[in-house]
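Those sequence lines, one after another, are chains A and B.
Taken in order, the first sequence gives residues 3 to 222; the numbers are from our numbering.
Taken in order, the second sequence gives residues 13 to 356; the numbers are from our numbering.
Be aware that a few hints might be false.
[To be verified] Derived DMTMM-like pairs (lysine to aspartate or glutamate); straight-line CA-CA distance at most 25 Å: (1) B/K174 <-> B/E133; (2) B/K188 <-> B/E240; (3) A/K146 <-> B/E148; (4) A/K146 <-> B/E115; (5) B/K174 <-> A/E124; (6) A/K139 <-> B/E93; (7) A/K116 <-> B/E115; (8) A/K146 <-> B/E93.
These are computed hints drawn from the structure, not numbers from a lab.
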Amino acid sequence: MDWEQILPLVPQALWESFYMVAATTFFAYVIGLPLGLILVVTAKDGIHPMRTFNMVLGAVVNFLRSVPFILLLFFLNPFTRLVMGTTVGSVATIVPLTISAFPFVARMVESSAKEVDRGVIEASLSMGASNWQIITKVLLPEAKPGLINGAALSATTILGYSAMASINGGGGLGAIAINYGHYRSDYAVEFVMIVVIVLFVQVIQELGTRGSRLSDRRIK
Amino acid sequence: MALIEIRNLTKTFGSGPAAVTALDDVSLDIEAGEIFGVIGLSGAGKSTLVRCINLLERPSSGSVVVSGADMTRLSARELREARRNIGMIFQGFNLLMQRTALENVRFPLELSHVPKAEADERARSLLRTVGLEGREGAYPSQLSGGMKQRVAIARALAPNPKVLLCDEATSALDPKTTESILELLKELNRSLGVTVVVITHEMRVVERICSRVAIIAESRIAEEGSVEEVFLHPRTEAAKRLVLPSRSGKLEGFSESEGAGSIDECRGELIRLAFDGSTTDRPVIADMILSCGAPVSIVYADTRSIEGRLYGHTVLQLPGDADTAEKMKRWLRDQQISFTKEAQ
Ligand SMILES: Nc1ncnc2c1ncn2[C@@H]1O[C@H](COP(=O)(O)OP(=O)(O)OP(=O)(O)O)[C@@H](O)[C@H]1O
Ligand SMILES: [Mg+2]
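Model the full assembly from the supplied sequences, consistent with the hints where possible.
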């Protein structure tokens with residue numbers, strides 16, 4: 003075991019993991035948030051039901067969500083190379099991470115927005131709200147606590163995926179665990195990196211729980 | 013022309029053999045400024061009827077004209093405009109849980125892009141009107157049921173609507189709170205001139221605030237008229253079932269041993285006294301017993317005192333002795349209390 007060699011790498015790896023997770027979460031929400039809202043709005047009991055469209059979109063999202071990440075990662079290599087010029091490194095990994103995370107995010111957003119009481123939406127409709135106003139002034143603000151929780155859960159899932167991606171040349175904490183721990187059969191390094199990742203997950207989770215609770219006006 | 017004119021309104025949910033007809037050829041006129049009640053048993057179609065007024069539910073056929081505009085013929089945009097003229101409150105309050113009382117009342121004004129300062133001002137003044145001054149910053153979860161309904165009322169009134177629809181607005185509240193909310197609705201009707209449509213399954217709600225009432229039964233309007241007329245002299249079978257306890261005047265469920273017959277002297281005829289508010293609230297039956305010197309059996313009583321006057325029905329079994337019974341009837345006539353013979 004060569005701690006002098008490994009320890010200096012940890013801050014850099016931590017940073018890489020952080021920005022992979024942050025950027026992926028951001029892009030996954032750019033795609034997944036509207037998608038989740040569209041799923042709610044066009045559902046049978048939504049404010050603008052579109053039966054066939056909703057079914058097709060739901061099926062596509064389900065399909066993407068069912069592909070095991072590790073297979074998607076390899077399968078997307080040509081696409082990633084096309085977009086980023088390379089498949090190696092933390093920045094390039096953001097592409098497959100985003101593609102695997104946005105369907106998850108869409109379902110997350112959908113389930114939070116579905117929690118908004120049907121009666122409140124009806125009351126808003128009775129006051130002359132347009133569908134757009136319902137989305138921006140009712141669905142999103144009323145679902146905020148659930149959305150924050152969902153974002154934290156998405157981020158921890160993405161962190162897990164980002165560790166897996168180091169098998170395909172991604173960076174971050176997972177890369178140290180694999181390159182210095184696994185390939186060199188150094189269990190101590192592997193174990194330490196696992197602990198660091200677990201702590202990272204805990205921090206995200208805790209932030210999510212607190213943020214959600216602080217923003218929720220239904221309790222207190 | 014009435015403020016709300018409902019013509020041949022029919023609403024069917026679903027299709028084929030599973031179709032449910034919630035409203036069947038309903039026609040109603042609701043006049044500007046009145047408090048109109050719609051009463052009926054669960055599943056009769058009451059909610060569907062109000063929801064067809066602001067088109068939360070689209071009628072299958074027929075028309076709904078509110079202040080001259082046929083709601084069923086409006087474009088989506090025109091419908092949103094028209095809805096701002098029709099406030100609605102609900103059994104479950106339906107407040108935005110992540111907004112304060114003030115922000116809730118401001119909500120409909122935000123929808124129509126009223127400048128924030130002006131909207132705040134109006135929301136504040138409305139909260140004062142409904143008796144919630146000082147609770148502007150409270151979230152719904154911090155308010156009682158009655159307070160939540162007050163916020164909902166203020167919110168519904170914020171755009172200054174002509175009509176306020178109330179779907180079981182007091183059904184989730186205790187009797188005392190119900191009373192205060194009804195009082196508030198009556199007061200707002202008087203001071204703002206807003207027309208109120210009250211949907212309920214409770215007689216006392218209608219009695220308390222409505223001037224006219226429609227009885228809805230099995231998707232149709234069974235009877236319609238002034239509250240006094242409908243409640244005291246129901247004509248149809250459906251209305252009688254709702255207003256009178258014993259079906260078409262027959263007494264059911266009273267056996268000889270446990271009911272009227274258990275008092276020997278009281279095996280005479282049954283009479284139904286109807287109190288229509290012309291009698292002051294006093295112990296009429298006790299007076300009669302004292303002045304006639306014989307007991308009667310009260311088979312059924314459903315009377316209420318409203319503003320010191322007596323309303324409702326009482327069914328008595330008079331003594332078997334014909335002379336005493338005659339004496340009692342004479343006493344009632346002297347007191348100008350109307351009664352009818354009840355079939356045994
Ligand atoms: N969205 C719907 N889909 C199918 N059936 C419906 C729907 N809404 C109402 N119905 C049916 O229409 C009938 C009338 O319902 P409605 O809610 O108007 O009754 P109600 O008089 O308001 O009853 P309650 O006192 O229970 O609220 C019922 O048989 C009900 O099952
Ligand atoms: Mg109902």
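Against the structure, the hints come out as follows:
With a C-alpha separation of about 21 Å, the suggested pairing of B/K174 with B/E133 holds against the 25 Å cut-off. The straight-line distance between the Cα atoms of B/K188 and B/E240 is roughly 24 Å, inside the 25 Å bound, and the hint therefore holds. At roughly 22 Å between alpha-carbon atoms, A/K146 and B/E148 fall within 25 Å of each other, so this suggested pair holds. Annotation: proposed proximity of A/K146 to B/E115 holds, straight-line Cα distance about 16 Å (limit 25 Å).
Taken as a hint, the B/K174 and A/E124 pair is honoured in the structure, with Cα atoms around 19 Å apart against an allowance of 25 Å. For the proposed pair A/K139 and B/E93, the alpha carbon gap of about 18 Å is at most 25 Å, so the pair holds. Distance hint between A/K116 and B/E115 is fulfilled; the C-alpha atoms sit about 23 Å from each other, no more than 25 Å. For the suggested pair A/K146 and B/E93, the alpha carbons sit about 29 Å apart, so the restraint of at most 25 Å is broken.
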